[in-house]
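Q: Protein sequences, first through last, are from chains A and B.
Heads up: the first sequence begins at 1 in this note's numbering, then just goes up one per residue.
Heads up: the second sequence begins at 1001 in this note's numbering, then just goes up one per residue.
The reader is advised that the hints may include incorrect statements.
Below, computed lysine to any residue pairings styled on SDA-like, alpha-carbon distance capped at 25 Å [unchecked claim]:
| id | chain 1 | residue 1 | chain 2 | residue 2 |
| --- | --- | --- | --- | --- |
| 1 | A | Lys24 | B | Leu1045 |
| 2 | A | Lys8 | B | Glu1111 |
| 3 | A | Lys8 | B | Phe1052 |
| 4 | A | Lys8 | B | His1067 |
| 5 | B | Lys1004 | B | Arg1077 |
| 6 | B | Lys1004 | A | Lys8 |
| 7 | B | Lys1004 | A | His67 |
| 8 | B | Lys1004 | A | Ala86 |
| 9 | B | Lys1004 | A | Arg64 |
| 10 | B | Lys1004 | A | Ile137 |
Just so you know, these hints were derived from the structure itself, not from any lab.
Protein chains: 2
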Amino acid sequence: MTDKLVRKHDGAFHWEGVEVLAYKQEGSAPFKDVTRQVLFDDPSLAAQLRYFEVAPGGWTTLERHEHVHNVMVIRGRGRCLVGDRAWDLARNDLVSVPPMTWHQFHAAPDEPLGFLCLVNRERDRPQLPSPADAPAISAPLDD
Amino acid sequence: MTDKLVRKHDGAFHWEGVEVLAYKQEGSAPFKDVTRQVLFDDPSLAAQLRYFEVAPGGWTTLERHEHVHNVMVIRGRGRCLVGDRAWDLARNDLVSVPPMTWHQFHAAPDEPLGFLCLVNRERDRPQLPSPADAPAISAPLDD
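Looking at chain A on its own, in the form it has when it is part of the complex (with noise of 0.2 Å):
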């Protein structure tokens, strides 16, 4: 992070003194190219503002946990899955996902998806789904 006042978007999604992060740690749970990046980190707010992007083709771990999930669309287009349906996603489209709801987001085959993700700064650890239960949770977005 920096102190800086105003921090200037480049026109590619990367912003100053923002530096792109690894989503998750590799091997730590199923996903396909995404990057995460911490727009607002303030001590003296009590959530943080992230922006996340999927590459074409690419897709966020399926999951669920207490905290919730605010999500802003702003580059791109994609699907999402929040409990048991699925949603096309373009740019502006508001997503809230409630209390240990799965949910997963796609970037549509030839787009990246890039959201922006508000969430409380303490909150809990994700749950995955056992590898068997998985297919039957994310049925919905192959509709």
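Since chain A is already given, all that's left is putting chain B on it; use the hints.
A: Coordinates of chain B only, in the frame set by chain A:
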């Protein structure tokens, strides 16, 4: 607000189930041509995400407060004052407003300025400068 998990953007900075509100009560503070929409206000999240839109030539109130603002531009162009400096703003730029720091957002003459603003749910009320002090505080915006 709405219980919908996914709220689609209509292509013109309005969202399903999100009301366009007055920025502030008329006469409560000086401002010009600003609207407010509350995008996320989940009681289990400690912060709210709002969308403010300043019409071409408009401006927000010059003010300061203890709570911090985390801002991301998502539409148009403009200029902001934070403390004793001003910056040009374009889409996806990030602005941090520290505690008790004078700040103001102006749209460009020919374009709106639309921005997300992240704040704690619990926050203090803004303070205004005296009419005599305001011109000196906002002077960097004229450079």
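Q: With a cut-off of 25 Å on the C-alpha distance, tell me whether Lys1004/B and Ala86/A pass.
A: With Cα atoms ~13 Å apart, Lys1004/B and Ala86/A stay inside 25 Å; holds.
Q: With a cut-off of 25 Å on the C-alpha distance, tell me whether Lys1004/B and Lys8/A pass.
A: It is violated: about 33 Å lies between the C-alpha atoms, which goes past 25 Å.
Q: Take a quick look at whether Lys1004/B and Arg1077/B sit within 25 Å of each other, Cα to Cα.
A: violated, 31 Å
Q: Decide if the proposed pair is consistent with the structure: Lys8/A and Glu1111/B, CA atoms, cutoff 25 Å inclusive.
A: Status holds; Cα separation ~19 Å.
Q: Under the criterion that the straight-line Cα-Cα distance not exceed 25 Å, is the pair Lys8/A, Phe1052/B satisfied?
A: holds, 19 Å
Q: Are the Cα atoms of Lys1004/B and Ile137/A separated by 25 Å or less?
A: holds, 20 Å
Q: Lys1004/B and His67/A: Cα distance at most 25 Å?
A: holds, 18 Å
Q: Taking only the CA atoms, is the gap from Lys24/A to Leu1045/B under or equal to 25 Å?
A: Given that 25 Å is the threshold and the Cα spacing comes to 23 Å, the pair holds.
Q: Hinted pair, alpha-carbon criterion (25 Å max): Lys1004/B, Arg64/A. Please report holds or violated.
A: With Cα atoms ~18 Å apart, Lys1004/B and Arg64/A stay inside 25 Å; holds.
Q: Is the Cα-Cα distance between Lys8/A and His1067/B 25 Å or less?
A: holds, 23 Å
Hint violations for this structure: numbers 5, 6, all remaining hints satisfied.
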